[in-house]
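In order, the protein sequence lines correspond to chains A and B.
So the first sequence is numbered by the working numbering: it starts at 1 and just counts up by one.
So the second sequence is numbered by the working numbering: it starts at 389 and just counts up by one.
Simulated from the structure, these hints should not be mistaken for laboratory data.
There may be inaccurate statements among the hints.
Said to hold, decoys possible - Not the full set, but computed from the structure, chain B residues with beta-carbon under 7 angstroms of chain A: (1) Arg467; (2) Ala470; (3) Arg473; (4) Val489.
Stated by the list, open to error - Taking lysine-lysine pairs in the DSBU-like style, the calculated list, with each CA pair at most 35 angstroms apart, reads: (5) A:Lys167 x A:Lys61; (6) B:Lys584 x A:Lys16; (7) A:Lys16 x B:Lys508; (8) A:Lys158 x A:Lys133.
Quick caveat, the model's predicted, so the values are computed rather than measured.
The C-beta atom is built at its ideal place from N, Cα and C for all residues, glycine as well.
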Amino acid sequence: MGLIANYNVRSMLVRKGTAAMTAMGIAMVVAVFVMTLAIAQGFRATLVASGSPQNAIVLRKSATSETVSAVMKPEFALIETLPQIARDAQGQPLASPELVVIISRPRISDNQPANVPLRGVGPRAFQVRDSIKFVEGRRFTPGLREINVGKLAVGRFKGLSLGSDVKFGNVIWKVVGVFTADDASFESEVWGDVDLMLNAFQRSGYQSVTIKLTDPSALESLQAAIMGDPRLDFKVEREQDYYDEQSQVMTTVIRVFGTFVTLILSIGAMFGAMNTMYAAVGYRTREIGTLRALGFSRGRIVTAFLAESVMLALIGGVVGCLLALPVHGLSTGTTNMASFSEVAFKFRITPALLAGGMVFAGLMGAAGGLLPAIRAARIPVARALREI
Amino acid sequence: MTMALIELRDVTKTYKRDAIEIPVLESVTISVPEGDYLGLMGPSGSGKSTLLNLLAGIDRPTGGSIRIGDTEISTLSERALAAWRARHIGFIFQLYNLIPVLTAFENVELPLLLTSLSKKQRREHVMTALNIVSLADRAAHYPRQLSGGQEQRVAIARAIVTDPTLLLADEPTGDLDAKSAGEVLTLLQRLNTEYKKTIVMVTHDPHAAERATHLLHLEKGTLVEQVGA
Ligand SMILES: Nc1ncnc2c1ncn2[C@@H]1O[C@H](COP(=O)(O)OP(=O)(O)OP(=O)(O)O)[C@@H](O)[C@H]1O
Ligand SMILES: [Mg+2]
Numbered sequence: 001m002g003l004i005a006n007y008n009v010r011s012m013l014v015r016k017g018t019a020a021m022t023a024m025g026i027a028m029v030v031a032v033f034v035m036t037l038a039i040a041q042g043f044r045a046t047l048v049a050s051g052s053p054q055n056a057i058v059l060r061k062s063a064t065s066e067t068v069s070a071v072m073k074p075e076f077a078l079i080e081t082l083p084q085i086a087r088d089a090q091g092q093p094l095a096s097p098e099l100v101v102i103i104s105r106p107r108i109s110d111n112q113p114a115n116v117p118l119r120g121v122g123p124r125a126f127q128v129r130d131s132i133k134f135v136e137g138r139r140f141t142p143g144l145r146e147i148n149v150g151k152l153a154v155g156r157f158k159g160l161s162l163g164s165d166v167k168f169g170n171v172i173w174k175v176v177g178v179f180t181a182d183d184a185s186f187e188s189e190v191w192g193d194v195d196l197m198l199n200a201f202q203r204s205g206y207q208s209v210t211i212k213l214t215d216p217s218a219l220e221s222l223q224a225a226i227m228g229d230p231r232l233d234f235k236v237e238r239e240q241d242y243y244d245e246q247s248q249v250m251t252t253v254i255r256v257f258g259t260f261v262t263l264i265l266s267i268g269a270m271f272g273a274m275n276t277m278y279a280a281v282g283y284r285t286r287e288i289g290t291l292r293a294l295g296f297s298r299g300r301i302v303t304a305f306l307a308e309s310v311m312l313a314l315i316g317g318v319v320g321c322l323l324a325l326p327v328h329g330l331s332t333g334t335t336n337m338a339s340f341s342e343v344a345f346k347f348r349i350t351p352a353l354l355a356g357g358m359v360f361a362g363l364m365g366a367a368g369g370l371l372p373a374i375r376a377a378r379i380p381v382a383r384a385l386r387e388i
Numbered sequence: 389m390t391m392a393l394i395e396l397r398d399v400t401k402t403y404k405r406d407a408i409e410i411p412v413l414e415s416v417t418i419s420v421p422e423g424d425y426l427g428l429m430g431p432s433g434s435g436k437s438t439l440l441n442l443l444a445g446i447d448r449p450t451g452g453s454i455r456i457g458d459t460e461i462s463t464l465s466e467r468a469l470a471a472w473r474a475r476h477i478g479f480i481f482q483l484y485n486l487i488p489v490l491t492a493f494e495n496v497e498l499p500l501l502l503t504s505l506s507k508k509q510r511r512e513h514v515m516t517a518l519n520i521v522s523l524a525d526r527a528a529h530y531p532r533q534l535s536g537g538q539e540q541r542v543a544i545a546r547a548i549v550t551d552p553t554l555l556l557a558d559e560p561t562g563d564l565d566a567k568s569a570g571e572v573l574t575l576l577q578r579l580n581t582e583y584k585k586t587i588v589m590v591t592h593d594p595h596a597a598e599r600a601t602h603l604l605h606l607e608k609g610t611l612v613e614q615v616g617a
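The task is simple: from the sequences and hints, build the whole structure.
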């Protein structure tokens, strides 16, 4: 097969211009494909990063997300005492009662108001979420109207930088620290003291409790303890699973949309490849006749031209991946349909995604090359040899 | 007398163009002994190329039987016929039909890709064939870097590299100047006498016809027997 590969590669190079155009067409589709899926990947990764395997989240049984859940103070008091909850050096349970409220802030990019999640957290929230690191300032002090802002929120919304005064819930809060959270969605949030927030927003109860387990394996026993208590109408999920679920609607929407767009584009690219290959077969009819006269079977001719088309497409695939790569790590944001608030995240291109792009390119090449390859193999030899 | 290498019996060939049937060969019966060098002559359109293509298994007869060696090729499947061509036929075209993007070496190597020979064995075979046509020094040249005569000699090397049963040439000197044509004809004659190749050659050229041991004339699709040299 070695020499036949040479034959196809060199023949392709003879018609560089057409080959390059065809490869570019495929490159564009692969680039769009990789970029849209990079959005889905990035979004999911951001939400999944929010969950830790050692954390559990307690929600009202019927709640699909924390924004529609409720945990009353007496209920929290019962939960807090459970032995599956890890404790700090002072013996305090590592459980954070939380409240998520949405506030409106103008975006820096277009000055349009966007929904920013505001999370009231308990005093030990930073021990429960140990991925939180301060890049500027310090933690808010419980009992004071101080807030911390995720780094991505600072960059995305107006007036949230360190030292700013921010008004919401009819009172003024001061930004005293900016944090990162290993790319988790918390980086798009604003955090403050949960009890002050309850007052500011006139709420009577929390929405969720996030717990650091004594051990990741303690989840089941915690579930049994909470579900078995008739006073508690809650469900307990591993935090990671919860955030994975929260990402699903959105990633599905992005994937379906991305696939739809790329499929439409790919039809064009595929016809481009088909056109190029039909032309190649036309130009090389006498060569095909010669190869057939030498004893090359129809199968080999089909394989050779199909391989040529796939090769051309794979070159396009590589170019497409290279075109898409620079978006890796770029920040963007979207409204998470599960919480109706904005989540900032980064495009995320993984090796698997690039491999997917290459497979997609190969498929376009195969689909575009199939009919021309079959035509090449079906030309009667005697007639092909009469072509000039 | 031994069994003939080629046995054509009542071979007919009709082309259909739209609804009209064009009879090209009518009841051709020929027998060619092994080691023969047969010249096939006749006016343009008399069906010479058609007949040669039938012998090569490139085209199929409308009727009659074609036996070459011990194979009845008119009944072979498409796939079997391709494999049979690769083993038994060396075809030399008027316009050489070298693949322009491949070097002389690679062109000659093409038919060997259908065999189970190793790369090293293929190399030996190719160089032997190129030596026979005295073009070993041009192995790395592309067809456009060769003269017409040289191209045709490379094509001959490609035709003989698998050591086929039968060499078929369709006006091999039709596109060459007198000197190159002479070289190609000498080469074919050597292949016949020295390497004992059976050759069937279509030609218009009386000089070419002189080299053949037998001559046949085709007129409007039927054979007009004629005693050769
Ligand atoms: N594939 C085909 N379809 C239809 N008609 C054909 C086909 N091949 C050949 N013919 C016709 O068959 C006849 C004989 O053609 P062929 O090529 O065998 O002649 P030839 O003797 O080789 O002529 P020349 O000396 O010009 O090469 C011609 O009339 C030609 O038009
Ligand atoms: Mg002819």
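Check whether the Cα positions of Lys16 (chain A) and Lys508 (chain B) lie no farther apart than 35 angstroms. holds, 33 angstroms
Starting from Lys167 (chain A), check that the Cα of Lys61 (chain A) is at most 35 angstroms away, please. Since the Cα atoms of Lys167 (chain A) and Lys61 (chain A) sit roughly 33 angstroms apart, the hinted pair holds (cutoff 35 angstroms).
Holds or violated: Lys158 (chain A) to Lys133 (chain A), with C-alpha atoms at most 35 angstroms apart: holds, 22 angstroms
For the restraint on Arg467 (chain B), tell me whether the closest CB of chain A is nearer than 7 angstroms. Hint holds; Arg467 (chain B) Cβ to chain A Cβ min 6 angstroms, cut 7 angstroms.
Restraint satisfaction for Ala470 (chain B) [CB to CB of chain A, less than 7 angstroms]: Ala470 (chain B) check passes; min Cβ-Cβ to chain A is 4 angstroms, inside 7 angstroms.
So if I understand the rule, the pair passes when the alpha-carbon distance is 35 angstroms or less; does Lys584 (chain B) with Lys16 (chain A) pass? violated, 46 angstroms
Grab the minimum C-beta distance from Val489 (chain B) to chain A and call the hint holds if it beats 7 angstroms, violated otherwise. holds, 4 angstroms
Could you check if Arg473 (chain B) really has its C-beta closer than 7 angstroms to a C-beta on chain A? This hint holds: Arg473 (chain B) lies near chain A, its Cβ roughly 4 angstroms from the closest one there, short of 7 angstroms.
Checked against the numbered hints above, the structure breaks only hint 6 and satisfies the rest.
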